[in-house]
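Q: Line order of the protein sequences matches chains A and B. For reference, each letter of the first sequence is one residue, going 0 to 467 in numbering that gives the first Met the number 0. For reference, each letter of the second sequence is one residue, going 0 to 475 in numbering that gives the first Met the number 0.
Some hints could be false.
[Stated by the list, open to error] Some chain B residues near chain A, calculated using beta-carbon distances under 8 Å: (1) T403; (2) F415; (3) V418; (4) A419; (5) F422; (6) Y423; (7) L426; (8) K430; (9) Y433; (10) P467; (11) Q468.
Hints listed in this document are in silico derivations from the structure and should not be mistaken for laboratory results. Beta carbons: idealized from backbone N, C-alpha and C, even for Gly.
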Amino acid sequence: MLFALIIIPLLAAVAILFGSPARLTALGASLTNILLAAAAVAFPVDVSLPILTDLGIHISLGLEGMNSIMLILSVIVTLTAIYSGNCPEGREKLWFSSILFISTGAIGAFLSTDIFFFYAFHELALIPTFLMIGILGRGDRKEAAWKITIYLALGSIVLLAGLLLATAHLDSFAFSDLKAIPAEHQNHVALLLIIGFGTLVSLFPFHSWAAPAYASAPVPVAMLHAGVLKKFGLYGLLRIGMVVAPEGMAYWLPWICVLLLGNIIWVGLVTLNQKRLDLMLGNSSVMHMGYIFLAIAALSANPDNSIAQPGAILLMFAHGISIALLFSLTSVIERKTGTLEIARLGGLAKTAPALAFLFGLAGMASIGLPGLANFAGEVMVFFAGFADWSPADGMGWVQVTTIIALWGVVLSAVYMLRAFRNTFQGPLVTSTQYAKDIHLDEKVPAYILAGTLLIIGIYPNLLLNLLK
Amino acid sequence: MSPHLLEFITVGFGLILLMVEAFSNGHRSRIGLIAAAGLTVILSMLFCPTPEGYEVPTWMSRFYGYDSLARFYKIIALVSTILVLLMAIDFRKVLSQYTSGDDSESGTGEFYCLPIFACAGLMWMASATDLVSIFVALELVTITFYVMVAYMRRNVGSLEAGVKYLILGALSTGFLVYGIAWLYGTLGSTHLEAITAAVHKGDFNPTFLLFGVSLILIALGFKVGAAPMQLWIPDVYQGAPTPITAYLSVASKAAGFVVLMHIIGPFLDAEATRGPVVFILLIMAGATLVYGNLAAISQSNFKRLLAYSSIAHAGFLLIGVATSDFTSVSFYLATYLLMTFASFFVLALVRSHEGSDEIDAFDGLGKRNPAVAFALTICMSALAGIPLTAGFWGKFFIFKSAITHNVSWWLIAIAFVSVAAGFYYYLKVVKAMYWNAPRRENAIVVPVTTQAVLIVLTIAILVLGIYPQPILDLLK
Chain A
0 MLFALIIIPL
10 LAAVAILFGS
20 PARLTALGAS
30 LTNILLAAAA
40 VAFPVDVSLP
50 ILTDLGIHIS
60 LGLEGMNSIM
70 LILSVIVTLT
80 AIYSGNCPEG
90 REKLWFSSIL
100 FISTGAIGAF
110 LSTDIFFFYA
120 FHELALIPTF
130 LMIGILGRGD
140 RKEAAWKITI
150 YLALGSIVLL
160 AGLLLATAHL
170 DSFAFSDLKA
180 IPAEHQNHVA
190 LLLIIGFGTL
200 VSLFPFHSWA
210 APAYASAPVP
220 VAMLHAGVLK
230 KFGLYGLLRI
240 GMVVAPEGMA
250 YWLPWICVLL
260 LGNIIWVGLV
270 TLNQKRLDLM
280 LGNSSVMHMG
290 YIFLAIAALS
300 ANPDNSIAQP
310 GAILLMFAHG
320 ISIALLFSLT
330 SVIERKTGTL
340 EIARLGGLAK
350 TAPALAFLFG
360 LAGMASIGLP
370 GLANFAGEVM
380 VFFAGFADWS
390 PADGMGWVQV
400 TTIIALWGVV
410 LSAVYMLRAF
420 RNTFQGPLVT
430 STQYAKDIHL
440 DEKVPAYILA
450 GTLLIIGIYP
460 NLLLNLLK
Chain B
0 MSPHLLEFIT
10 VGFGLILLMV
20 EAFSNGHRSR
30 IGLIAAAGLT
40 VILSMLFCPT
50 PEGYEVPTWM
60 SRFYGYDSLA
70 RFYKIIALVS
80 TILVLLMAID
90 FRKVLSQYTS
100 GDDSESGTGE
110 FYCLPIFACA
120 GLMWMASATD
130 LVSIFVALEL
140 VTITFYVMVA
150 YMRRNVGSLE
160 AGVKYLILGA
170 LSTGFLVYGI
180 AWLYGTLGST
190 HLEAITAAVH
200 KGDFNPTFLL
210 FGVSLILIAL
220 GFKVGAAPMQ
230 LWIPDVYQGA
240 PTPITAYLSV
250 ASKAAGFVVL
260 MHIIGPFLDA
270 EATRGPVVFI
280 LLIMAGATLV
290 YGNLAAISQS
300 NFKRLLAYSS
310 IAHAGFLLIG
320 VATSDFTSVS
330 FYLATYLLMT
340 FASFFVLALV
350 RSHEGSDEID
360 AFDGLGKRNP
370 AVAFALTICM
380 SALAGIPLTA
390 GFWGKFFIFK
400 SAITHNVSWW
410 LIAIAFVSVA
420 AGFYYYLKVV
430 KAMYWNAPRR
440 ENAIVVPVTT
450 QAVLIVLTIA
460 ILVLGIYPQP
470 ILDLLK
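Chain A with its partners taken away, still in its complex shape (with noise of 0.2 Å):
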C-alpha cells in the first residue's frame, strides 16, 4: 500500500508524457492517493525491500507517526494544487506531470525510512521545479530558477556530506538504527545537517532563493514547495538530527536561535516592506519557519521537552495547509483583477465576497488566530521555550529567543492584516470594480483546505495522537 502512494503518481506522471488526458489523470491518481493515505495511515503496514545488501540500503517505507502526518499534508496539498493556478494552452503535461514528480519526490521522501532513499527522494522535485518555473512562470522566472536550484543544489550537496559522515559512524542507513554517535562527531555532523537542512528549509541566511521563487513560480509548484517540500529539512532535522547528533544541537543552539531570530525578524521586517502579494507571502513562509526552528531550539536545548516535537510538527502541518491555500486564492486574486500589486487593489470583498471570506480565513491562521490550525502550533511552540522551566533558572538562550520571536507574531498581524485591508476593504478601484467572485472550481481547494485548517484548529488531537 505505501509503495502504490509512491507508484501511483508516478506512474501517472508518466502516462501524462505519453498522452493521456492530463488533468483527468492527474485528479484521479491525487484522489486514489488521499483514500490510500487514510487507509495507509489507519492500518499501516511497513514494507522493504532490499536494494544493496553489503550497505545495508533498503527501500523501505513506514509510518512513524510524525511522517503519517507529513503524508496527510502532501496528498491533500497535492489534490489542490492540480485544482488551482492556471495552465496555460498546451502545456498540460509539462504542467501536470510536473505537479506530479514533485509529490511523487515529497511523498516518497516522507515515508522512507531508510536514509537513502529518504534523501534520493527529495532530489526528485528538483528538475520538475527547475522546469516549470523557467519555462512557466512569471516575472524574473529564469533568475528564479537558477537561483533555487543552485541553493536546493548546494544545500543538498552539504546535506548529503553530514548524512554520509552520520552513517559512515552507525554502519547503517535504517531510521530504526539511529542512535547517538560518537561524541567527537557531533558538532560536524550537526552543523552539516544544520546547513543542509537548513538551506532546504530557507533558514536564515539560507533564504534570499525561497521567495523569488514562490514569486514566480508557477501557484501548484509554490503550493507544494512552500507546503510541503519545504518541510522536508524539518522533518529531516527532527528525525535525524536530534536523534544522531543531540550534543551537536546543543553546541550549535546560540546559533541556531540567532539565526531563527534572523528568520522571524529580519525576514518579517522584509515582508512588511513587500509591495505585492505573492512576494509577501513567499517571505511570510521564510519567516514562519523560524517559529518551526524555535521549536528544534527547544529540543535541542533539552531534548526531553515533550511538547517542542508535537507542536514542530502540528505548526508544519498548519503552515503547509494554510500557505498553499493563501498561494492558491492568490492566483484566483490575479486571475480576476489582473494584478497583484497590493497598491492597484482595494474594496475587492464588495465584488468577490466569498474570496474575500476564504482569504481572510486563511490570513488569519497564518497569523495565528485561535480556533485555527496555526494557533495550537505556535501556542505549544512557545510553551515549549518555557517547558520545565522555572524563574529560578535565570533566562536561556532559549527563552530569550522566545520572548523575543513572540514579536514576530505582531509583525505578521501587521502584514497580513494590511494586505487583507488595502485588497479587499476600502473603495472600489478599477481592477476590483468588474471583478467576478470565486468561481465553484476555485472553491473546492480552498474549502478542502480552509475545512483542514477549521477541523485541525479545533481538534488538534485529531493529528497529535498519530504521534503516540
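Based on these hints, arrange chain B on the given structure of chain A.
A: Frame of chain A; chain B shown alone:
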C-alpha cells in the same frame, strides 16, 4: 570458451573485416553493422561460464591474468566499441562529407574496422599483468586512436586534434617508458606480482621508486584525462569525429583506470609507499576536479562541455583510486559509460541535423523531439549526479569511501562543490532544450539504431539508479 582466446579472436575478426572491406564495394556502413554484430558475439562469449578449473596457460601467464575485474573491463571495452560502431553508422553522413569529398562512403570503410583493433587492445589491457604487456597493449590502443581522431581528413579541426593527440600522446608514452625503467631499476622486475613482493619486502630506495611511480602516474594521467596532463582533452574531443570522442571519453578512460589500478595497487597496499602515493593521487584529484568543473561552467559548446565534464569525472574517480576502493571506481566507470554514450548519441544526432555542436543547437529540442529531449534530460541529471539515476550511485560510493577513509576534508569539500557546479553546467543544456525557442521548427527524425540505443541506455540509467546490484554482481 577459454577467455585468453578472446583477444586473438577479436584481432582475427578485425583483420578479416579489413580484407572484406578492401574487396567489397557498396555501402560501407554495412561493414559497421557486421563489426558490431561480431563484437556482440564475442561479448556473449564473455558471459559464457569459464570451463571448470580454468587457468591461463603457462606460456602466457606471466603477461596475462584473468579475474572478475579483468572480465568487467573487457565487457566495458566491448560494449563501448559496439556502441561506437552503432553511433558511427548513423554518423556516416558527416563522416563521408569530410573524407572522400564526393559524398560517397568509399573512404569510410576503415573507420568501422579500426575500433575493433582498439577494442582488442583495451581487452588486453584489462588482463595485462606485466609492465611490458601493459605498455604494448596501451600502444595498440593509442596508435589506433591517432588514426581515428584525425580520420576526417578534410576537416581542419579533426586534423588539429590528431596532431595534438599524437604529440601529447607520444610525450606521455615517453613518461611511461621512463617510469617503467625506473621501476625496473629499483625493484628488479616488470612483473606486477614480483613488484608487489618486492615492495612488501621493503628492500629498495624509496626516492627512486617514487620518482618512477610519479612518472607513471603522469603518463596515466594523460590516458584518464587527469591534471596535469588534461590539456589535450578539450581540443581533441572537439575536433575528433563524435563517435571517436565518445570512445576516447569512455573506453580510453576506463582502460587508463584499469591500468592505473593494476600498477598502483601494490604501492597502495604496502605500508612504506602508501602515504606518498595517496598524497600524489589526492593532489591530482583535487586539481582535476577544480580544473574540470571551473572550466566547464563557461562552455557554450556541448562537445567541449562534455570534454571538461569528462575531466571532472576523472577527478572523482581518482578519489576512488586513492582510497583503494576499486569496486566503486569500476562501478562509476560503468555508469559513466551509459550516461556519456547516451549524451554522445544525442549530440551526434543533433550534429547530423544542425551541423553544429554548440549548446544553442539544442534550443527548443523539447518541442522538436520531446522523446530525445527527455532522454538527454535524464542523461544530464545522471551526469550531474541527481539521485534515482545511475550517476548518483557512482558519486555516492566514491563519497562514502572518501568519508570512511578520512580523506582530508579540503578534498571532500572540493568534491562536493564540484558536484554543485556540475548541476549548473549540465542543467544549462536542459535549459536550452526547454526554455529557449527552437531556431527551426521542423521535427528531428531519429534513425532506428539511435532510437533503440537511446531507449536501452535511458532505461538502464533509470533502473540502475534504483537497483544498482546487477553491476556490482558483475564485479564479484
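Q: Could you run down the list of hints and mark each one as holding or not?
A: Hint check results:
{"no.": "1", "hint": "T403", "in the structure": "holds (5 Å)"}
{"no.": "2", "hint": "F415", "in the structure": "holds (5 Å)"}
{"no.": "3", "hint": "V418", "in the structure": "holds (5 Å)"}
{"no.": "4", "hint": "A419", "in the structure": "holds (5 Å)"}
{"no.": "5", "hint": "F422", "in the structure": "holds (4 Å)"}
{"no.": "6", "hint": "Y423", "in the structure": "holds (6 Å)"}
{"no.": "7", "hint": "L426", "in the structure": "holds (6 Å)"}
{"no.": "8", "hint": "K430", "in the structure": "holds (6 Å)"}
{"no.": "9", "hint": "Y433", "in the structure": "holds (6 Å)"}
{"no.": "10", "hint": "P467", "in the structure": "holds (7 Å)"}
{"no.": "11", "hint": "Q468", "in the structure": "holds (6 Å)"}
In terms of the numbered hints stated before, the structure departs from none.
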